[in-house]
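Let chain X serve as the given structure and place chain H on it in line with the hints.
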Amino acid sequence: MSGKRAPHRLAKPDPPWLMRTYAGHSTAQASNELYRANLAQGQTGLSVAFDLPTQTGYDADDPLARGEVGKVGVPIAGLGDMRALLEAIPLQEMNTSMTINATAAWLLALYIVVAEERGIDLALLQGTTQNDILKEFLARGTYAFPPDPSLRLSADMIAYTVEQVPLWNPVNICSYHLQEAGATPVQEIAFAIANATAVLDAVRARVPAELMAAVFGRVSFFVNAGVRFVEEHAKLRAMAVLWEELGRERYGVEDPSLLRLRYGVQVNSLGLTEAQPENNVQRIVLEALAVTLGRNARARAIQLPAWNEALGLPRPWDQQWSLRIQQVLAYETDLLEYPDIFEGSQVMDGLVGELIAGARAEIARVAEQGGAVAAVPYMKAALVESHRARMRRIESGEQVVVGVNRYTETAASPLTGEGASAVLVVDRAHEAAQIEALRRWRADRDGAAVAAALEELARAARSDDNIMPATIAAARAGATTGEWAGTLREVFGSYRAPTGIGGAGVLGASGASVELELLRAAVTRASEHLGRQLKLLVGKPGLDGHSSGAEQIALYARDAGIEVVYEGIRLTPQQIAASALEEGVHVVGLSILSGSHLELVPQVVEALAQAGVQVPLVVGGIIPDADVAELLAGGVAAVYTPKDFELATIVGEIVALVDPGDGTP
Amino acid sequence: MRDRPANGLELAARLRERDLSAAPAVLNLLESADEASRAQAGELQAALSPRILGGEAGGHVIGVTGPPGVGKSTLLGTLVAAWRQAGRTVAVLAVDPSSKRSGGALLGDRLRIAGTGVGGDARFIRSMAARERSGGLAPATRAATQTLAVAFDIVVVETVGVGQSETEIGDLADTVAVVLQPGSGDGLQFLKAGLMEIPDLLVVAKADLGAKAQAALHDARAALRSAGAGDTQALAVSALPPGSGIDELIAALDAHRAALDLTARRLRARRLGALADFISEYGEQGLRALGGRNGAERLLAAQSPDLDGATLVGALTQQAGVGERE
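In order, the protein sequence lines correspond to chains X and H.
Residue numbering for the first sequence follows this note's numbering, beginning at 1 and increasing consecutively.
Residue numbering for the second sequence follows this note's numbering, beginning at 1001 and increasing consecutively.
What the hints contain is simulated information worked out from the structure, not anything from laboratory work.
With a straight-line cut-off of 20 Å between C-alpha atoms, the simulated SDA-like cross-links for lysine to any residue are:
{"#": "1", "chain 1": "H", "residue 1": "K1212", "chain 2": "X", "residue 2": "G371"}
{"#": "2", "chain 1": "H", "residue 1": "K1212", "chain 2": "X", "residue 2": "Q369"}
{"#": "3", "chain 1": "H", "residue 1": "K1212", "chain 2": "X", "residue 2": "G370"}
{"#": "4", "chain 1": "H", "residue 1": "K1212", "chain 2": "X", "residue 2": "A374"}
Residues from chain H shown here face chain X by an in silico Cβ test under 10 Å; the list is partial:
{"#": "5", "residue": "R1002"}
{"#": "6", "residue": "A1023"}
{"#": "7", "residue": "P1024"}
{"#": "8", "residue": "S1032"}
{"#": "9", "residue": "A1036"}
{"#": "10", "residue": "P1068"}
{"#": "11", "residue": "D1096"}
{"#": "12", "residue": "S1102"}
{"#": "13", "residue": "D1109"}
{"#": "14", "residue": "R1110"}
{"#": "15", "residue": "A1114"}
{"#": "16", "residue": "S1127"}
{"#": "17", "residue": "A1129"}
{"#": "18", "residue": "A1239"}
{"#": "19", "residue": "L1240"}
Label-pair ranges, simulated between beta-carbon atoms:
{"#": "20", "chain 1": "H", "residue 1": "A1211", "chain 2": "X", "residue 2": "V425", "range": "55 to 65 Å"}
{"#": "21", "chain 1": "X", "residue 1": "A367", "chain 2": "H", "residue 2": "S1244", "range": "28 to 38 Å"}
{"#": "22", "chain 1": "H", "residue 1": "A1033", "chain 2": "X", "residue 2": "Y407", "range": "39 to 49 Å"}
{"#": "23", "chain 1": "H", "residue 1": "A1033", "chain 2": "X", "residue 2": "E409", "range": "41 to 51 Å"}
Yeah, the Cβ is synthetic: ideal placement off N, Cα and C, and Gly gets one too.
Excised from the complex, chain X in its bound form (with noise of 0.2 Å):
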């Protein structure tokens, strides 16, 4: 350190960080352009989308797949889909990010494979792999195999790469998908340590004892930023502290460069909002100083979302303008050039304490259940209620969010006015060519070779064997992955992760609402128009894990006096008729948030005429205006959007709906 320099500049700037954004869709060859139009903008890493078939291991032309297929991002089928991605990306300089968890394994295989095909050494790829199961019980609906085996795989991929592919981040425990399941900052903090804590545990009884600083090293963070940016830099450094402590206490690691906390970060999506989209955009700046303003708790790498998320799909330009927004940071501005300025702040000190305390009691708390992955109901119930809580905060106004309770009046947008597609709209054709693309694979390929490396691969999934050679055996032979996801399917058994609604509280249990008051009259009466009690199925079809807007929408029907029918994510259309005629219910609730509605809620009026359930069916999800006439068109009751805010609304009208009156004209 230089006597001479004065204590409030930094000798020389620091390195931007990693600059991504959160990409793919259609076709492996569609995002292998889009990526590499993006690098050309200037961003200097990649952030890569999986559609949802890919995510929870299903190829194109499983039937759970229909409609999914390209949607929420690529689809890889295999090796074949995962050369044309990285075509002419140079994987030895690229630094990939992947959002993948519980076919992450499988995704970094294809990716090793790719790099041996071009003669990279392993040593040389830099990139992260989601590989966060547990959140995905808790949050977003990925999940492939029940929590034991799941952990087991993360384990193993942490396990190989920390010998293997070393600058590799094998694991990127999210704190993302909490807050956007509603999580408080303290819930977000102590969550994301409590399941980070549960991986460690399970890596840690699979490798070496002096491997296990390097693997503490390896595991990075994922993180959200609300805008409540003070408050969300505090929770960051809370993070690093609580993160150091761990290492040093639970694992024993001593080296500083092994205990700093490492985090990415993608700012919030859950408050985005449809009503007034452009202000999205100061959102998302703030929410990008949240993870940047000071120096001792700065992001690794960060991606931005889209101003126009809450509408539907981004369009490139709209990312472009996202990734502005972080040049504009790191180029233009001067935040860069100084030491941590916070250092020494009572307010910055005080929340993080603050912060810190509440987390420890939480993790207690699980560390009470038996750890992170018997506590995934408490949490899930959690989250739920705190998701609730913040809902009914903005419907009381009590939390101002501009634009929808506060300053509603807008003068014509030129963004989103008559005649301007705001968003992405996917080529429908795309599924039939992804289809026929695994077709042309899988009968080219050895089909022999491909049979034997899946036998081996269950004998590695029965035995305590490191899952990743199977796997990357089973990529080089050309293995699809719904077959890879297909066979530890059948050793692991499947897995239906917990609603975290069962539990939760009535609301008004000390008086309710007049709002509630008087919707649970018109239920009561609806009841007694029909005859029995007004019955509401909620279901999700497909494979779009969102589930938050289903469990509050169940919740606070349920809250009203409806006997409400929910089983949670990815249900098939035709899961969704037999339930809706077997229940007996009234009426019929679709929660679809992964834009793929235009395909699936055909699928599911269809169903129901052909069980013969003839009930009016509503739709809620991120649903372009412009599609709402065509739902509306093809059978569809009522459709919400995310500007539907008020449940109370959202409820009493669906109770109209299905009173049929008491019979006077």
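Frame of chain X; chain H shown alone:
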């Protein structure tokens, strides 16, 4: 939308022909509270009485109960799949405790029971909200059980809880299986202390937990012995693949049913069920009009043994002079 007006006699005929697709409409009718539906529901049940059938309904009514979280639904899912594989038709009535304050309920267990496949017509699953009733059953559960047993090979009633709920489910089922999990001391304490009715079968679920499961099985047998029920069979099962003990459990259920005096158990079920239904409808006041529980039981004992539950409720109602239809 209001249900299509149901015709009780027509539905009864369909059940007698083992037309399983009648099940949703039967449940809709039995759950309806309006006057016309109540009358049709009475017709339905009367048309399926032992007198009309010429004997007891052939289905095996199995009660499955136990504390929350022990894996009942997952176990049931495995059982249902095994039964279906053996070609047996199955109806499951999953009774959920509901929110008494709002009257609403969250029903969400059918998929754990149904598995991922679509069951087709040979498997029927209905969630029922227990609503105001204590004791673990929903208002229409008894009538649903008695009618569905005409058409399905197996009718399962699933309830949650330890303690009171076994009593009601015991009065209703041919065979009652209580499910516990390794380490769940409460259930066994209840059993030992005589707070829990002795089940026909004690099942330790999650037996994949190895030594813990064996220890739990040992505790369960000890508890049964100290409750004076050393003959009651205790089994350890695992519903996780590859699964274990499922075939043995099915065999034990079948053996219990085969050894049962079905006529006596069903008669008791109909009479106790009618009394419970009457009390939930007319309360203690209605019961007093019958001379209390003893009076009601005497009246029921005097009825012909081959009457259906609805007719028995009708007899109680008429005697008490409380029915609206009189």
